[in-house]
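Given only the sequences and the hints, what does the whole structure look like? Please build it.
The listed protein sequences derive, respectively, from chains A and B. Note that this note's numbering has the first sequence beginning at -1, numbered continuously upward. Note that this note's numbering has the second sequence beginning at -1, numbered continuously upward.
No lab work stands behind these hints, which were simulated from the structure alone. All residues carry an ideal CB built from backbone N, CA and C; glycine is no exception. Treat each hint with caution, since some may be false.
[Unchecked claim] Taking beta-carbon pairs under 10 Å as the criterion, some of the chain B residues facing chain A (in silico):
id, residue
1, M(-1)
2, N3
3, I10
4, V15
5, L33
6, L34
7, P132
8, G185
[To be verified] Computed spacing ranges between beta-carbons, pair by pair:
id, chain 1, residue 1, chain 2, residue 2, range
9, A, Q178, B, D119, 53 to 61 Å
10, B, E110, A, K55, 18 to 26 Å
11, A, D62, B, K107, 27 to 35 Å
12, B, G311, A, G250, 41 to 49 Å
13, B, Q156, A, F154, 53 to 61 Å
14, B, A257, A, N249, 47 to 55 Å
15, A, I204, B, E110, 27 to 35 Å
16, B, Q178, A, K55, 46 to 54 Å
There are 2 protein chains.
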Amino acid sequence: MKIHNFSAGPGILPHDVLRKAAESVIDFNNSGLSLLEISHRSADFEQVMQQARSLAKELLELGDDYEALFLQGGASLQFHMAPLNLLKNKAAYINTGNWASEAIAEARKVGEVNVIASSEDRKFTYIPTKYTIPIDADYLHITSNNTIFGTQWKEFPQAEIPLVCDMSSDIFSRKIPANQFSLIYAGAQKNMGPAGTTLVVFKKDILGKTGRNLPKMLDYELQYKKDSMFNTPPVFAVYASMLTMQWIKDNGGIEWIEALNKIKAKTFYNEVDSNPMFEGTVEKPFRSYMNGTFVLKNTAVEQEFERMLKEAGISGLKGHRSVGGYRCSMYNALPLESIKVLTNVMREFANKFA
Amino acid sequence: MKIHNFSAGPGILPHDVLRKAAESVIDFNNSGLSLLEISHRSADFEQVMQQARSLAKELLELGDDYEALFLQGGASLQFHMAPLNLLKNKAAYINTGNWASEAIAEARKVGEVNVIASSEDRKFTYIPTKYTIPIDADYLHITSNNTIFGTQWKEFPQAEIPLVCDMSSDIFSRKIPANQFSLIYAGAQKNMGPAGTTLVVFKKDILGKTGRNLPKMLDYELQYKKDSMFNTPPVFAVYASMLTMQWIKDNGGIEWIEALNKIKAKTFYNEVDSNPMFEGTVEKPFRSYMNGTFVLKNTAVEQEFERMLKEAGISGLKGHRSVGGYRCSMYNALPLESIKVLTNVMREFANKFA
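Shown next as structure tokens:
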């Protein structure tokens, strides 16, 4: 049976990427050796790293004033690294959910933090639109897509100070004005590749201002001077990420994937809004195109719904353990077909039980 | 042509491990999904993580007073994390080469460091045997195997203070008194698996003594309380590491691999010592069983030697760029056959040019 993979992360990857990644584990570039057992200083791998870094910038339409790195530790390590590299006097944060809160907690261990807006008052079901950005803060930090709560920034803050963004769950999913950001980071495991690498993109002129003597591994400047290979990089995760970015590019780039993602999200939310059994949990203008959160109105028939999901091969639709309900994760590699299978099940379910 | 892979790292992995790892990228445990695109909170992956942590302790013969974690960032991040978690007043380090020096430099950013011995005076060609361990230091740090210079600790310091060891390049290669160590860490990419995960094994009673408010990602205690899954772990690297540890266990455990490694090292060093064209670069009692460093006495015939290596399918024998010469990396998965192919080439070369 075909499985429709709605996993919130690690999330679905393109079939072609998986096939090529698997091949590389046996024989990389017809070298007779596995990608896993060659030197990261070999010409073959250095080219992978270079290509990955260059594709990341190309998909974000960034120029030579930006650098892209592939590091380790996930967004969670960036919650520490971003303030360590940028926070001198104070930083401004906007709290839109779990991950934003984690970022704030970690930044507070480094320096002064101003939380200038929060959507916690309505359980993180919206994105704050009213806030004043302190012009004396070192940067403003936001979380572009909130995987757990299912909200997404549609228009980004117009900030006179450097804008820092955790884009882990919607990187490369839509056209964004990347050059309005000074630092973007993203764990790979939703839209970019397997778990184990983190994309870090920054404007070079923001570095070197804190006066801190940084640990080498946590120093953006050192990592970029070492071409993202200060120590052995997570070779396989970088390779699979490179393949995924190449897949986006080959199929039509960000314009293509954004259009597809919009169709998927529209198909899904139309069903949620028209189906009497379900309701969305998020204020409409802030609905995420990546993670559509919804609940069953009548939980008495929950088991029936879950049985039908299972029969249709739908996997990973459960909401995050902290909020419950359902979450339709529609990452780049999820085909429209899977959305249609889901909405058909939702409709059939309503026909039976509404 | 069969390639004989002497890469110093990422190093050779068992063929069976590569085959199973490649299969998992297409279909993991007959789930119809790739290992790369399932939740790390799924029962299937939680079992992988549990199994990996338990195998690590089993191969090291450690009990319930120890914990094993699979983190990210390589040994280079441990150079920072070890002092961050353990250094309160001062720490003692022994400098046996490049990586030890890096560890010292990073520890100095955290607190006071005493370098109690160094082999730098003779270009790191031996392991210091005379030193006094300060009993008031928080720990003593050593590097069990020096990949670049080709030396290895044969007997470990008898320390009354906690002993910390970077075992990146000889973990699981020989029987060691692991319970004499309070903290062992090892980047996976030599003897344990692909690049992208780091084994961290520690005695639980050493934690919580510095009073530091640690960043979550850098806190051993938090990582262990979260079962090594505080954030998304490097799923694929952990899985392939688990397979490699299982391969050691299934084939006879550490006793088996140690015996095999000794035969390989003996075969190699016997050739170096009896062959008139070559000489070892390290004092004999300290020769590494993992990385055998040697040079050609007459560099005028270097190109001839390299041509013969290439014809025999020998890959990755070049010494580290900082020291030159050759390096025969004999990690666990390197078959004796590859050593014999190399020593045959060395003998043929001597027959022609001696």
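For this session: Starting from the hint list further up, note which numbers the structure goes against and sort them upward.
Result: Hints 7 and 10 contradicted; others consistent.
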